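Participant: Whenever a hint applies, use it, and build me the whole structure from the sequences.
Protein chains in written order, with the working numbering: chain A, 13 to 720; chain B, 13 to 720.
Since the hints were derived computationally from the structure, they do not count as laboratory data.
Remember, predicted model here, so these are calculated numbers, not experimental data.
Treat the hints loosely; a few may be bogus.
[Stated by the list, open to error] In the SDA-like style, the derived pairs of lysine to any residue whose C-alpha atoms are separated by at most 20 Å in a straight line are:
| hint | chain 1 | residue 1 | chain 2 | residue 2 |
| --- | --- | --- | --- | --- |
| 1 | A | K633 | B | R655 |
| 2 | A | K364 | B | R263 |
| 3 | B | K43 | A | K633 |
| 4 | B | K633 | A | S374 |
2 protein chains.
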Amino acid sequence: MLKEKSRDERIRFLFEPRSVAIIGASHDRGKIGFAVLRNILSGGYCGAIYPINPAGGEIEGIPVRRSLQEVEGEIDVAVVTIPSPLVFAAVKDLCRHNVKNAILISAGFSEIGNLEEERKITDYANEHGMRILGPNVFGIYSSSSNLNATFVSGNIPRGHLAMITQSGALGLTLVGQASVEHIGLSAIVSVGNKSDIDESDLLDYLYRHEETHMVLIYIEGIRNGEKFIAALKKTTRVKPVVIIKSGRSQRGAMAAASHTGSLAGSDDLFDAIARQCGALRAESTREAFNWCKFITNNPLPRGENTVIITNGGGAGVMATDACEKYSVPLYDDAEDLKQIFTPVIPSFGSAKNPVDVTGNASLADYTKAFDAALQSENINTVVGIFCETAIVPADHLKEMVETNVQRYREKGKLIIFSLFGGEKTSQYEIEARRRGLPVTDDVYDAISTLGAGYRYNRYAADLPDEEADVAMDFGAIDEIVRNAAAAKRYFLLAHEAQKIMEIADIPIPVTMNATTLEAAITSADSVGYPVAMKVISKDIIHKSDAGGIALGLDNRKEVVAAYEAIMRNCRAHVPHAVIEGVSISEMVRPGVEIIIGARRDVIFGPTVMVGLGGIYVEVMKDVSFRALPLDQKEIQTMVKEIRSYPLLLGVRGEAMKDINKLVEAIIKISAIIRRCKGITDIEINPLVVYEVGMGAKAVDVRILLSKG
Amino acid sequence: MLKEKSRDERIRFLFEPRSVAIIGASHDRGKIGFAVLRNILSGGYCGAIYPINPAGGEIEGIPVRRSLQEVEGEIDVAVVTIPSPLVFAAVKDLCRHNVKNAILISAGFSEIGNLEEERKITDYANEHGMRILGPNVFGIYSSSSNLNATFVSGNIPRGHLAMITQSGALGLTLVGQASVEHIGLSAIVSVGNKSDIDESDLLDYLYRHEETHMVLIYIEGIRNGEKFIAALKKTTRVKPVVIIKSGRSQRGAMAAASHTGSLAGSDDLFDAIARQCGALRAESTREAFNWCKFITNNPLPRGENTVIITNGGGAGVMATDACEKYSVPLYDDAEDLKQIFTPVIPSFGSAKNPVDVTGNASLADYTKAFDAALQSENINTVVGIFCETAIVPADHLKEMVETNVQRYREKGKLIIFSLFGGEKTSQYEIEARRRGLPVTDDVYDAISTLGAGYRYNRYAADLPDEEADVAMDFGAIDEIVRNAAAAKRYFLLAHEAQKIMEIADIPIPVTMNATTLEAAITSADSVGYPVAMKVISKDIIHKSDAGGIALGLDNRKEVVAAYEAIMRNCRAHVPHAVIEGVSISEMVRPGVEIIIGARRDVIFGPTVMVGLGGIYVEVMKDVSFRALPLDQKEIQTMVKEIRSYPLLLGVRGEAMKDINKLVEAIIKISAIIRRCKGITDIEINPLVVYEVGMGAKAVDVRILLSKG
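Facilitator: Listed below in structure tokens is the structure:
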């Protein structure tokens, strides 16, 4: 295995190679082996270039080596374009030559079910110190070294957006679209089957890459979620990352899995984790490009006070709706708005936000309103809405848009336009958009874009706290887990789970076990009435079906009757069951029923969940997720995210609930799932949360163990 | 007041006038009074044209009359373009001349707060048999009579989409956009302040208008919701209606209200009603145009079996996600798909849906796959996704798209394309879209469009049932309401509301009233333990705060103690209260707590709501709405819409609940709200619903009365 440091170093050489070999460089202009060489040449790459082809000769004026043996110098990157059956031999050859990185453009591996060959090649390469990009990729573009080692035709505009794509075909079109929209690129990496190098490795390079101001990633599935989370968190601290992850829907996830052979994972969990890591998740490619273009081309706003300036009331109302949808706060200090805008708008206009300059507004009227907003210290952003009228014809658009964009940028403010109209307006909109100007033909696009910028800003401004953690006797927990595992059980029995709650100091209902009727009566007296009685037996899984549960026993007489009934029922239901006795527990006082769960996810590692508990879990699916570790603030945010949060605040005049105790319980089960590797799942449902100061009680706890 | 029939007749003359007068026709080319006349002329209108201006002379070769007196013939439509202070006098003049319709382009009325003048004008006109369109409009375009009586510049392409818009500025740009996108129009009506003619009047004409195949409406607020519902239902039975209603958000609704002076109403309710009436509600103008263009240009599909054919796996996965979002069903008979596609796709492609022809697919490969889908009887629709590659360059797009669109249309099937790529692809996409071809640059747009088409189809295929109604002694209910109203109460007391439940035969918990301790004991014995006891007193509103409620009384001893405690507490809490006694009621067995409500909405008239009840009402807001009347099927759909519907089906192995009794209760309170005009609100919360056959119980009922 390679050491972490040397791996990092090799990734740098992938982006900044001193030499590139093309295995399968072709004389045939229709072949990929030709296209890659041509692009390397025309891209202006200054390092050594070694086309390799047994036929020898010259391609585009560069001498072709018949084999690697003919290459004298070191090779940092080898691009492999030969058919899949020949790849393993070529990789062995590359390893002998100590090549640092191989880019396997060749297809025909795990994406068509041939996982074995791919694994063999990658394992061999890694064992010999070489890293693999691919297979099944279109190559890499890196502005740092003017390297276009892809078979993408056409010029790639240089700029500040790095793109990483798991899909080749879609990736190629993203490059094409970037070019159409004049979005300059600093890097493009096709990761394909990700047999070795994945998004996380690339982010490790890109987050420090100065030319890269923003990263766009298209993902279908993640293999190592913990590594991805770490890389993503590190990157979003210094630059925005937009993610398009397809496979949102269940069926889409299936399609993605069949397509890339990677597990798509639960989309809800991915979505929560992306947000937690400060990434901006776009739904469609259009949305992603709008965001990338706007964020790379504009200053980060200093605040979020947004004002809509429109000459059409209807369009203003639509923009207002969009602001609510995308959490864009409209500035609403009525007095200040009046002072700013009343002097500059017609008397029958509106100085409220949206500011309506009316359909009679001329170019000069618009300009006055934009100016007023620009001068106000309280306004950070303007959404300029233009409805084509006879008074401001489309010919004036260029001046209105471009002068204002210029002036707002100079002042570090944001302005974005939404243009409605006929042929000329539409022509200008398309042309301006392609020149990178912040114009859209739909208010929803404009506001979604602002919303993304604000979201990133909020994240970047909100520095993470210390990890929320807690000490407890993890050794004692491990011991319980070991004993259960030794008994070949993959779950804990109720009393074992309760013991763990005691170790974690999470209150559970008082419970006593009794093996005789007399003991049951004494226990009930000591627990305090009313009590619940449940049969204890390893042989009875569904206690309720077996008649093994009695609730709300109010006195000794009822305890006696219940004990006898339970014994009778259970013997009748499961004749051979070994009955160890009964548990007597306090009847839990009602409160807000919450579910909390911690889980070692196969992809993302330790994760935690909180939501509305009891029978509503499955029906309402009102839960929120996070990957661990978390800080206290993030746990609070997570709790606030659930729709039923008002129940914790107290509805209908009820007292506020003990949210601190809930947060504590989350921290505790998070600590257990992180430390105790034998445990895969902890679920408390319900955790009954009482009024402030009255704590919470874990009524039912299920703990599953690792089978490995 | 005008009679209904003559009103209808007049609206026809608005669209098909035999003569048009322009009040304020102007010699000044910059004036609206000139633009309207010029457009009428250049539009090819064949009826009589009477420009009116005291200055006389000639405009564009047409003699100008100095006043209406100089006009010999009848006038069906008068377009008024003079300043607002002069409008009333002009309207009086028009009435004297028996003009049928006046279009008040003039602004300066209710939209700037001048409601009084507007009301005065409209009342006068209506009293004298003239209808008013506007004020504050840009006019009307009607293809039936080649009439362009608007100040919209440029040619309006003739076609089959009718547009109604409440916003002038936005409406003008919609016309512009329609022209850019080559969407032919059959009518355009600007309704402005809607002082008289509104969307409903226009739908009454348009639903029978043969040239109109589809209607697009932009609304901010509705005044007469019941009339709108009737007109909409009638129209959607025969042609699709797309609605853009802004004011979705609370703030947006405020902005809309300030802008048009009309009540925007609750957006959730509007949304539910639009769906109930079969209208397609679009969020943005882009979405609306995509839908209109696709639906007017293509056959209605015979089924919804949809297949995605793609050369890029990633794009296919995104399309799959979009299908889930927009309820577009992907055809998934694996065996059939295999038979259809395996012979025509490469061996490493996928015959599953999405069908992946792979990045190596040529134009011929695409064609083979499209052909296979076209030939299959089981496939109704194809989503063709194209990612630009070296193998299928953008130059081939035209052939691929246009041949297939043609062939699919001929067979009555649907095909829609999503094109991804660089400059040439983008150019072709823009150009093809403008020619009305079904191409998009985003899979979400394509699938949203299909989803809208399917949704309309489903609605149109699903014929309404008979109204769900029920007989009961409405007279007795009215009597209770009258008595309460006579006592100057705007709400019913608990026993009055219970009496109404009895009349409606909706079970309530058994309750008996007692004025003495002895009677309380007898009542409790007869109701059956456990019981609840509540104080009866008009002077004690918050019984619980006054200590006037005791629950779960298990025996006579507890009844005695509770009675004494309640008397003591209430006297201490409200010393001067007249205590009439206590009510003794059965403690209700737990079940699924549902809320049902019926309400006479100020805009939409009688409406009904069902949802998750109890304390979750406010937190979960899990409710669905409908306007009345409803058929049985629609009520069932409404119940199924709530997220907590699984609770009624029975979760965790519980028995199914008595949904029929719930539906019956909805029908009953619907009947009451429709018949008993004195009642404005009925709310049952909770209605506890038990297992099938066990019915439901209305535990708490609140009934509010009209104050009018």
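Participant: Each hint: holds or not?
Facilitator: Going through the hints against the structure:
no.	hint	result
1	K633(A) x R655(B)	holds (9 Å)
2	K364(A) x R263(B)	holds (11 Å)
3	K43(B) x K633(A)	violated (60 Å)
4	K633(B) x S374(A)	violated (45 Å)
In terms of the numbered hints stated before, the structure departs from hints 3 and 4, listed from lowest to highest.
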